[in-house]
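2 protein chains.
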Amino acid sequence: MADSEPLSSLDGDPMATEALLWDVFGIIVDEAIQKGTSACEKVCEWKEPEELKELLDLELRSQGESKEQILERCRTVIRYSVKTCHPRFFNQLFSGLDPHSLAGRIITESLNTSQYTYEIAPVFILMEEEVLKKLRALVGWSFGDGVFCPGGSISNMYAMNLARYQRYPDCKQRGLRSLPLLALFTSEECHYSIKKGAAFLGLGTDSVRVVKADERGKMIPEDLERQISLAEAEGAVPFLVSATSGTTVLGAFDPLEAIADVCQRHGLWLHVDAAWGGSVLLSQTHRHLLDGIQRANSVAWNPHKFLTAGLQCSALLLQDTSNLLKRCHGSQASYLFQQDKFYDVALDTGDKVVQCGRRVDCLKLWLMWKAQGGQGLEQRVDQAFALARYLVEEIKKREGFELVMEPEFVNVCFWFVPPSLRGKQESPDYSEKLAKVAPVLKERMVKEGSMMIGYQPHGARANFFRMVVVNPMLTQADMDFLLDELERLGQDL
Amino acid sequence: MADSEPLSSLDGDPMATEALLWDVFGIIVDEAIQKGTSACEKVCEWKEPEELKELLDLELRSQGESKEQILERCRTVIRYSVKTCHPRFFNQLFSGLDPHSLAGRIITESLNTSQYTYEIAPVFILMEEEVLKKLRALVGWSFGDGVFCPGGSISNMYAMNLARYQRYPDCKQRGLRSLPLLALFTSEECHYSIKKGAAFLGLGTDSVRVVKADERGKMIPEDLERQISLAEAEGAVPFLVSATSGTTVLGAFDPLEAIADVCQRHGLWLHVDAAWGGSVLLSQTHRHLLDGIQRANSVAWNPHKFLTAGLQCSALLLQDTSNLLKRCHGSQASYLFQQDKFYDVALDTGDKVVQCGRRVDCLKLWLMWKAQGGQGLEQRVDQAFALARYLVEEIKKREGFELVMEPEFVNVCFWFVPPSLRGKQESPDYSEKLAKVAPVLKERMVKEGSMMIGYQPHGARANFFRMVVVNPMLTQADMDFLLDELERLGQDL
Numbered sequence: 001m002a003d004s005e006p007l008s009s010l011d012g013d014p015m016a017t018e019a020l021l022w023d024v025f026g027i028i029v030d031e032a033i034q035k036g037t038s039a040c041e042k043v044c045e046w047k048e049p050e051e052l053k054e055l056l057d058l059e060l061r062s063q064g065e066s067k068e069q070i071l072e073r074c075r076t077v078i079r080y081s082v083k084t085c086h087p088r089f090f091n092q093l094f095s096g097l098d099p100h101s102l103a104g105r106i107i108t109e110s111l112n113t114s115q116y117t118y119e120i121a122p123v124f125i126l127m128e129e130e131v132l133k134k135l136r137a138l139v140g141w142s143f144g145d146g147v148f149c150p151g152g153s154i155s156n157m158y159a160m161n162l163a164r165y166q167r168y169p170d171c172k173q174r175g176l177r178s179l180p181l182l183a184l185f186t187s188e189e190c191h192y193s194i195k196k197g198a199a200f201l202g203l204g205t206d207s208v209r210v211v212k213a214d215e216r217g218k219m220i221p222e223d224l225e226r227q228i229s230l231a232e233a234e235g236a237v238p239f240l241v242s243a244t245s246g247t248t249v250l251g252a253f254d255p256l257e258a259i260a261d262v263c264q265r266h267g268l269w270l271h272v273d274a275a276w277g278g279s280v281l282l283s284q285t286h287r288h289l290l291d292g293i294q295r296a297n298s299v300a301w302n303p304h305k306f307l308t309a310g311l312q313c314s315a316l317l318l319q320d321t322s323n324l325l326k327r328c329h330g331s332q333a334s335y336l337f338q339q340d341k342f343y344d345v346a347l348d349t350g351d352k353v354v355q356c357g358r359r360v361d362c363l364k365l366w367l368m369w370k371a372q373g374g375q376g377l378e379q380r381v382d383q384a385f386a387l388a389r390y391l392v393e394e395i396k397k398r399e400g401f402e403l404v405m406e407p408e409f410v411n412v413c414f415w416f417v418p419p420s421l422r423g424k425q426e427s428p429d430y431s432e433k434l435a436k437v438a439p440v441l442k443e444r445m446v447k448e449g450s451m452m453i454g455y456q457p458h459g460a461r462a463n464f465f466r467m468v469v470v471n472p473m474l475t476q477a478d479m480d481f482l483l484d485e486l487e488r489l490g491q492d493l
Numbered sequence: 001m002a003d004s005e006p007l008s009s010l011d012g013d014p015m016a017t018e019a020l021l022w023d024v025f026g027i028i029v030d031e032a033i034q035k036g037t038s039a040c041e042k043v044c045e046w047k048e049p050e051e052l053k054e055l056l057d058l059e060l061r062s063q064g065e066s067k068e069q070i071l072e073r074c075r076t077v078i079r080y081s082v083k084t085c086h087p088r089f090f091n092q093l094f095s096g097l098d099p100h101s102l103a104g105r106i107i108t109e110s111l112n113t114s115q116y117t118y119e120i121a122p123v124f125i126l127m128e129e130e131v132l133k134k135l136r137a138l139v140g141w142s143f144g145d146g147v148f149c150p151g152g153s154i155s156n157m158y159a160m161n162l163a164r165y166q167r168y169p170d171c172k173q174r175g176l177r178s179l180p181l182l183a184l185f186t187s188e189e190c191h192y193s194i195k196k197g198a199a200f201l202g203l204g205t206d207s208v209r210v211v212k213a214d215e216r217g218k219m220i221p222e223d224l225e226r227q228i229s230l231a232e233a234e235g236a237v238p239f240l241v242s243a244t245s246g247t248t249v250l251g252a253f254d255p256l257e258a259i260a261d262v263c264q265r266h267g268l269w270l271h272v273d274a275a276w277g278g279s280v281l282l283s284q285t286h287r288h289l290l291d292g293i294q295r296a297n298s299v300a301w302n303p304h305k306f307l308t309a310g311l312q313c314s315a316l317l318l319q320d321t322s323n324l325l326k327r328c329h330g331s332q333a334s335y336l337f338q339q340d341k342f343y344d345v346a347l348d349t350g351d352k353v354v355q356c357g358r359r360v361d362c363l364k365l366w367l368m369w370k371a372q373g374g375q376g377l378e379q380r381v382d383q384a385f386a387l388a389r390y391l392v393e394e395i396k397k398r399e400g401f402e403l404v405m406e407p408e409f410v411n412v413c414f415w416f417v418p419p420s421l422r423g424k425q426e427s428p429d430y431s432e433k434l435a436k437v438a439p440v441l442k443e444r445m446v447k448e449g450s451m452m453i454g455y456q457p458h459g460a461r462a463n464f465f466r467m468v469v470v471n472p473m474l475t476q477a478d479m480d481f482l483l484d485e486l487e488r489l490g491q492d493l
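Sequence order for the protein chains is Y and E. In this text, residue positions in the first sequence follow our numbering: the first is 1, and each later residue adds one. In this text, residue positions in the second sequence follow our numbering: the first is 1, and each later residue adds one.
If we strip away everything but chain Y, and leave its shape as in the complex, we get:
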């Protein structure tokens, strides 16, 4: 090789690298942070897909581009992206910007390592352990195990796999065909990942027995008992109950104590999908919603939702102290997890998981926690509850708004009833007409860029809005804005 120089203008040129990154930082601060969180700016800049494709000029070509072109591309990408940190983004179970978490995420990206060995991630191996210990302590456990997963759905799958392995360790080697027909139980309000997980893990969606929920969306323990008996009568072996703390639409909390009693009686693994509601454990005032969670075998908790830790930050917590994670998922690959290392290889986490490389998801949460303290995070949770309560009272006062139900969490579900439908509740096509309101308003708000809020049908209920109060920047004025804006957008309907 004649040329031992680096190849392109930037590789190995620290000055150019730094200059580029400083320019990009500037664009991010201006466009994503400043404008992206300002109520004076749009929450989104809607374009039809075909037009957006042209604006983005997505094609990947042979020739590289200049720094100026690249910086312009950065601006364009940000301009047409939805601003999920914006105070008018109410669309998902995450919203808002925590600057410390963002700082942690940027450091994580700059260090670009994998969470599998102490050798290449010494700080993060120890940090993950400490963060998980703290989350477990909030659940009520002074011991246990855990790991950060790529999302709550995969945390739920992990729990299902661990539960079946604990009961039938043979399964790992011999597969499900060596096992009896298995059954797991969750409520009709559960997250769809339970069924997706059952299919992926080879159990099949039929193995998911759906337990009835009450009118507030909470699992009915008596029906759980009944479903267990039914499954047994059909020759299936119950092995797991997945309860939900904070359902996706209604924000309901399953009665964990009663469910734990049932699990105890039948010897079933209790998993709590607290992806959304787990962060309530930080609040002395509200944590009673999860009473009984300490009796679970496993808990999935996503601090990227209520705690604004940034996508993704999903903890799977276990009460287990028998090294179940490693026994269930380990493969002892000698080329990565050598046993003749000069440090204690028990620190290596790679064999706890089914992935190989694993992102570092602990630093963002740790840094935010260090900055806010547990108290600061608790205040955020309490403030969100208080704002949700304020919104509920405002909805009750205003004509044209109707609560779906009194919420117990920060999901506030309600209909906007436009002028033409008011007082027509008894009309036979009322529900059909009401169902069309939310999609129309959604289209209008997105095309104006004034706000974003989700809607969905739910059982027999026609499309309603689901407000999610989670962005720590929100104030009462934002709640008022939400209602005013729906009135404005829907006044001609």
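These are computed hints drawn from the structure, not numbers from a lab. Worth double-checking, as some hints may not be accurate.
To be verified - In silico DSS-like cross-links for lysine-lysine, where the CA-CA straight-line distance does not exceed 27 angstroms: (1) E/Lys67 with Y/Lys133; (2) E/Lys326 with Y/Lys341; (3) E/Lys134 with E/Lys326; (4) Y/Lys341 with E/Lys53; (5) Y/Lys341 with Y/Lys133; (6) E/Lys326 with Y/Lys53; (7) E/Lys35 with E/Lys67; (8) E/Lys447 with E/Lys35; (9) E/Lys134 with Y/Lys341; (10) Y/Lys42 with Y/Lys341; (11) Y/Lys67 with E/Lys436.
As the list claims (entries may be wrong) - Reference excerpt, derived from the structure (chain Y facing chain E, CB under 8 angstroms, subset only): (12) Gly64; (13) His100; (14) Arg177; (15) Leu181; (16) Asn323; (17) Arg327; (18) Arg359; (19) Tyr430.
Claimed, not checked - Counterexamples of contact, computed for chain Y against chain E with all Cβ distances above 10 angstroms: (20) Leu20; (21) Asp214; (22) Val404; (23) Val446; (24) Ser450.
What you are looking at is a predicted structure, and each value in this text was computed from that prediction instead of being measured. C-beta atoms are modelled at their ideal positions from N, C-alpha and C, and glycine is treated no differently.
Fit chain E to the known structure of chain Y by using the hints.
Coordinates of chain E only, in the frame set by chain Y:
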């Protein structure tokens, strides 16, 4: 609620947020970018776990901390982290810093959205499609499907799940117990995720039939035929072959044309795990190593490895045009994937995957590609091959170094034979003594922070070093350094 102001000093205070982020950017540029990629600095600052715990003060407390304390914590985290972008980090299948990729990753973190709907990720939905199209074109497909997964292991699992679903769609609902005993085939040199995946998907590790590899680590097609016959004779139904393009240790490429012939004859799904080697497709000179890949049904390719795109960037590519991904993984959750939206919901990717929220992994690769062009990336690949070749020739020239084999990729496997063992190859305890050399040298280099290179045993072969030439900053001088440094560290052994 009396107080409608944001709660903590930073929430909602754009000036403080910006000031913090600028300070953090400065720390990152100084510590992670400048020092982290300078050969004059250490690649790692080794501390024993107990000492490191104290230095990090990991405990999460009730009280928050000041900005100054937080900035100091950022510095400490970076200081004690391994510098994977450093020119002396040869430890994994990833290394090096691409500034454009890092820019893309920081923008991704700042925008903090999820890749599931056009509604909240319009730019990234279109971008992911374009990037996948480009990767498919390099495989040789002008059509198909795909998705970015959280790591190559999960890409491999996806392929296994899709293959069984395509053959037995009933499996999704009824589970594996309704199916005959299944068998899949991969070589003894395959990545451990195949067995982990088989266990996780409920197939069991016994369903993985291990095919022999030749002395260079390539799957032997004749043994594949034999294993298929054997499995059938035992009553199992073969459904998938997972070939590897770029094995983890030796960097071997399985003979895809011959394997595709076998798959075609038996009607088997051909998956190619090209997580490591896929990027060779960019090189006109070297892409012949993957000849036949266009006959695969699915390909896993991790641009975060050879292309320095940043963890994680893992594409699963499919030749399928029948919407198999959505049929296999979809659950039609009405609260997220409403069908009455005002745009074409076929754009939404959420039902292609088993996760719910999904990170944006396309921007970093897209931006890097735009900046470098396909030509720039091709040059990187070719340069890495050339440097690996240079290293091989140097190893042959030097006393005390012995190649494990002539490499065909950028994994260069070799022994360092210390002075006391030279000429003792015939001694009965030679191999046992040689096995202890690499761990000792590894400890020394890590404790000095001079470089990091991995080692492992392999079959009957004693521990040897695996050099990975992937960082685009590397030059011949770094290759010379590697050998000089091993000589220096091992001169007394």
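Tested hints:
1. E/Lys67 with Y/Lys133: This hinted pair holds, its Cα atoms lying about 25 angstroms apart.
2. E/Lys326 with Y/Lys341: violated (44 angstroms)
3. E/Lys134 with E/Lys326: holds (21 angstroms)
4. Y/Lys341 with E/Lys53: holds (20 angstroms)
5. Y/Lys341 with Y/Lys133: holds (26 angstroms)
6. E/Lys326 with Y/Lys53: holds (23 angstroms)
7. E/Lys35 with E/Lys67: It holds: about 23 angstroms lies between the C-alpha atoms, which stays within 27 angstroms.
8. E/Lys447 with E/Lys35: holds (18 angstroms)
9. E/Lys134 with Y/Lys341: Outside the cut-off at roughly 41 angstroms; violated.
10. Y/Lys42 with Y/Lys341: Outside the cut-off at roughly 54 angstroms; violated.
11. Y/Lys67 with E/Lys436: Given pair Y/Lys67, E/Lys436 is violated - Cα atoms ~49 angstroms apart, limit 27 angstroms.
12. Gly64: Holds. Min distance 4 angstroms.
13. His100: Hint on Y/His100: holds, closest Cβ of chain E at ~6 angstroms, below 8 angstroms.
14. Arg177: Given a least distance of 6 angstroms, the restraint on Y/Arg177 holds.
15. Leu181: Hint on Y/Leu181: holds, closest Cβ of chain E at ~6 angstroms, below 8 angstroms.
16. Asn323: violated (16 angstroms)
17. Arg327: Given a least distance of 11 angstroms, the restraint on Y/Arg327 is violated.
18. Arg359: holds (6 angstroms)
19. Tyr430: With a minimum Cβ separation of about 17 angstroms from chain E (threshold 8 angstroms), the hint on Y/Tyr430 is violated.
20. Leu20: For Y/Leu20, whose nearest Cβ neighbour in chain E is about 5 angstroms away, the distance does not exceed 10 angstroms, so it is violated.
21. Asp214: holds (19 angstroms)
22. Val404: It holds; Y/Val404 is separated from chain E by about 13 angstroms at its closest Cβ, greater than 10 angstroms.
23. Val446: violated (7 angstroms)
24. Ser450: Label holds. Min Cβ-Cβ 15 angstroms, cutoff 10 angstroms.
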